[in-house]
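Peer 1: So the chains spell out like this:
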Amino acid sequence: MPMKQFLSAHDVDSIDDLIDLARRHKRKPRNLEDLGYGKTIINLFFNPSLRTRISTEKAGLNLGFDVITYDASGGWNIEFETGAVMNLDTAEHVREAAGVLSQYCDILCVRSFPSLTDKEADYADRVMKSFVQYATVPVVSLESATRHPLQSLADCLTISEHSHRPRPKVVLTWAPHPRRLPQAVANSFAEWMVEWDKVDLTICNPEGFDLAPEFTAGAQVVHHQAEAFRGADFIYAKNWSSYDDYGATASLPDWIIDESKMALTNNAYFMHCLPVRRNVVVTDGVIESPRSLVLQQANNRTWAAQAVLGRMQTK
Amino acid sequence: MPMKQFLSAHDVDSIDDLIDLARRHKRKPRNLEDLGYGKTIINLFFNPSLRTRISTEKAGLNLGFDVITYDASGGWNIEFETGAVMNLDTAEHVREAAGVLSQYCDILCVRSFPSLTDKEADYADRVMKSFVQYATVPVVSLESATRHPLQSLADCLTISEHSHRPRPKVVLTWAPHPRRLPQAVANSFAEWMVEWDKVDLTICNPEGFDLAPEFTAGAQVVHHQAEAFRGADFIYAKNWSSYDDYGATASLPDWIIDESKMALTNNAYFMHCLPVRRNVVVTDGVIESPRSLVLQQANNRTWAAQAVLGRMQTK
Amino acid sequence: MPMKQFLSAHDVDSIDDLIDLARRHKRKPRNLEDLGYGKTIINLFFNPSLRTRISTEKAGLNLGFDVITYDASGGWNIEFETGAVMNLDTAEHVREAAGVLSQYCDILCVRSFPSLTDKEADYADRVMKSFVQYATVPVVSLESATRHPLQSLADCLTISEHSHRPRPKVVLTWAPHPRRLPQAVANSFAEWMVEWDKVDLTICNPEGFDLAPEFTAGAQVVHHQAEAFRGADFIYAKNWSSYDDYGATASLPDWIIDESKMALTNNAYFMHCLPVRRNVVVTDGVIESPRSLVLQQANNRTWAAQAVLGRMQTK
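Residue numbers (our numbering), protein chains in the order written: chain X, 1 to 315; chain G, 1 to 315; chain H, 1 to 315.
Same shape as in the complex, but just chain X:
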């Protein structure tokens, strides 16, 4: 079924169908090269991007769209408050921004990171939701304050390609990082794993770093890596800052993913969305091992994006 928006797993009829479509694009990237003829995709980035930007551009071009990427990270300040008197730092209201961009494209893709300071605004996904509200074309999330659904779909595809038994054990584990990071990738991964319902998901993080309950319902949450890793088929590592003590981080170098921990698993594959800080998040030995899927995940970003863009309901 065509999609009117792609913000989360809940916008998808059947994750399996979408994975299957992505797989077909991977085999024959130009098979639908006329689908986007005469149509335009705008990629609007309020934050930097490498993988997402390039894979989404490739996906759009493979489908025959014109693709225009607009980097707004330099400081195009947008007003989100209704009724605001805009005599300060904001130069354009999201009503006009979304309205105007809708004039120029058939699909509007948006990336906007959280503030990590205003929990309420972040978890209302205000930027993304405002664009959805005021755009007159379908909106695709290139990562919002709370989710990164194209990453999660690529992760589903990657797991499906390497899963050789029913309901493999997938572990999403917190890992150390020197900076405060969003929860979006972790939230989204949990949401998709639960929604997909083809794996058993265990989430493993330090006390104080539980994700928001809306994302983890249906998964087992534990606070010790050894317990989580036992029997795991896939280890998905990611740092995130605290949801409860919003935006706080902690120095817990022992949470690094190393060979000894991987030895506890069922010869698990190692996954990470990249970029990754080596020897902080994961050791060289683990990420360079034949069980590391990080490059396959990056590759699958293209096919996930192509499946989604090709399914959006354009005029």
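Careful: at least some of the hints might be erroneous.
[Said to hold, decoys possible] Facing chain H, from chain G, some residues (calculated, C-beta under 7 Å):
(1) Gly38
(2) Ile68
(3) Met86
(4) Asn87
(5) Ala91
(6) Glu92
(7) His93
(8) Glu96
(9) Thr249
(10) Leu252
Hints were generated in silico from the structure; no laboratory data involved.
Ideal placement from N, C-alpha and C gives every residue a C-beta, glycine not left out.
With chain X held as given, fit chains G and H onto it using these hints.
Peer 2: Showing chains G and H alone in chain X's frame:
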């Protein structure tokens, strides 16, 4: 007739023909999709742009051009003085810059804002004119220090689509803004309205904010909004800094366009080139009313650009 | 023969064949417009670029590639040390960066300037060589710490177009500049001239500014311009900082290329890779004379890039 440059209304044989061409592109965007085959448009931006950049890219792609956008706003300092000893901050002379870019494209589009400090250089349109002088391909203005002709052509198209009686009354009105803005949009709008000769133009601004006489000859200039708005069919709002006291601005919140002022008009349409500061320039009520044409204006940027690019005399 | 990398003259079977190919592209730019069908070129810039970026994009598009340019100059800090514990400023290891980009493209083009402070790292060409090592697609240099081979190939093409006697005398001369510049263009020009073996190369620079011996073997090196210019057919001007006293510069305004020095030559052509500081490196009179080839060199960048990109061994 093919155009060798597009810098102002004076470069256009017949504004009506150009509007008509834009209208045809709007109905069938890909009707001339082979026109630009094997040819390249370079969009050179010395200042930021959203609408202009995206609409011009779309217009070029619709015509089959390759389009390369180059953002020089980061600080590619160009020398404009003849004979300069370039041992300071400028790294390339405009002779080479224009000459080199001419090697790489068939149409060179340039945006360069005024300094708002050096009136003489700004009103000589030194940057734009230097590129015209040294380029060997046609130059299209994406907004210069003094004019924004693609905006004005889109405005003509928008007015023509919503004008239902001969010689409607069009009012260009100054409006408040917290920052110092160029006069380019206002100059250009006045110039095109007068040159087009299909409307009666009234310009309305505070004392001390009269535009340069070269742009306003043929229009009525008044200094009270109530007087100007009476019987108006179109209200075009825009802030500009002073031409006489060059670059100066003034805090005059009473000049905001609100419902009470619109009530004085002949049920006028509201126009603005965007981005617009809500509740400073115009109230929410006016910009969100069914008589607001701001999104249509933005949409028409694409078709105006397509009409112009398709008319440029390429090799 | 297809090339697996294009980093220096040593990667080229026959410079004459490559010049000939570039010449054919120049005559018929779209003659091989299906060659890149379904394939992608990524241009990765760690430093700013005008000529290189636009000419490489044009070249790729002429060959039917999708071309994605990624500007990493804003601060995507990459780790190059094996085994590094990445808890400081670097966010991604070159193993992942190169590995990921290889997933998204068929040819990876990279620009990375030298530090001019760490001679060893610069002359090991660490950035470029690391990308070559970890990429799984062919890498093309868009200028590295030590060489600028696409510029040199364009220079060979330009000389070949204007050379009307066997073994013309080509002089590479140091020229003044207010800033510290890399040696890459000069190194590369020397390397290609020697390897090409169609010209007699004389290099002329102040004492203390000799280039690294690996690039100048086979050329005559002199320290007085008058001696070098006598009988020259081509004068190629370029500033570079010292190799011996690494990165140091000197104020030597007398080394400017002016009419009186050009009068010593055999009516030589003047060449420079641009951008050039007028009246510091070269006088207005020389660069504007009919013997100046600077715009032709810039034009030939496109055809050189097209010859190289079309020769890369893609999957």
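Peer 1: Holds or violated: is there a CB of chain H closer than 7 Å to the CB of His93(G)?
Peer 2: Cβ of His93(G) sits 5 Å from chain H, so the hint holds.
Peer 1: Let's test the interface hint: is any C-beta of chain H closer than 7 Å to that of Glu92(G)?
Peer 2: holds (4 Å)
Peer 1: Under the criterion of a CB-CB separation shorter than 7 Å, is Asn87(G) in contact with chain H as hinted?
Peer 2: holds (5 Å)
Peer 1: Let's test the interface hint: is any C-beta of chain H closer than 7 Å to that of Gly38(G)?
Peer 2: OK, holds: Gly38(G) within 7 Å of chain H, min 5 Å.
Peer 1: Hold the hint about Ala91(G) up to the distance rule: shortest CB distance to chain H must be less than 7 Å.
Peer 2: holds (5 Å)
Peer 1: Holds or violated: the hint that Ile68(G) contacts chain H, with Cβ atoms closer than 7 Å.
Peer 2: holds (6 Å)
Peer 1: If you take the shortest Cβ to Cβ gap from Met86(G) to chain H, is it below 7 Å?
Peer 2: Holds, because the Cβ-Cβ distance from Met86(G) to chain H comes to roughly 4 Å (cut-off 7 Å).
Peer 1: Close enough to count: is the Cβ of Leu252(G) nearer than 7 Å to one in chain H?
Peer 2: Check failed: Cβ of Leu252(G) comes no nearer than 39 Å to chain H, outside 7 Å.
Peer 1: Verify the interface restraint on Glu96(G): the C-beta must sit less than 7 Å from at least one C-beta of chain H.
Peer 2: holds (6 Å)
Peer 1: Is the shortest C-beta separation between Thr249(G) and chain H less than 7 Å?
Peer 2: Where the cut-off is 7 Å and the nearest Cβ of chain H is about 32 Å from Thr249(G), the hint is violated.
Hints 9 and 10, counting from the list given before, are not met by this structure.
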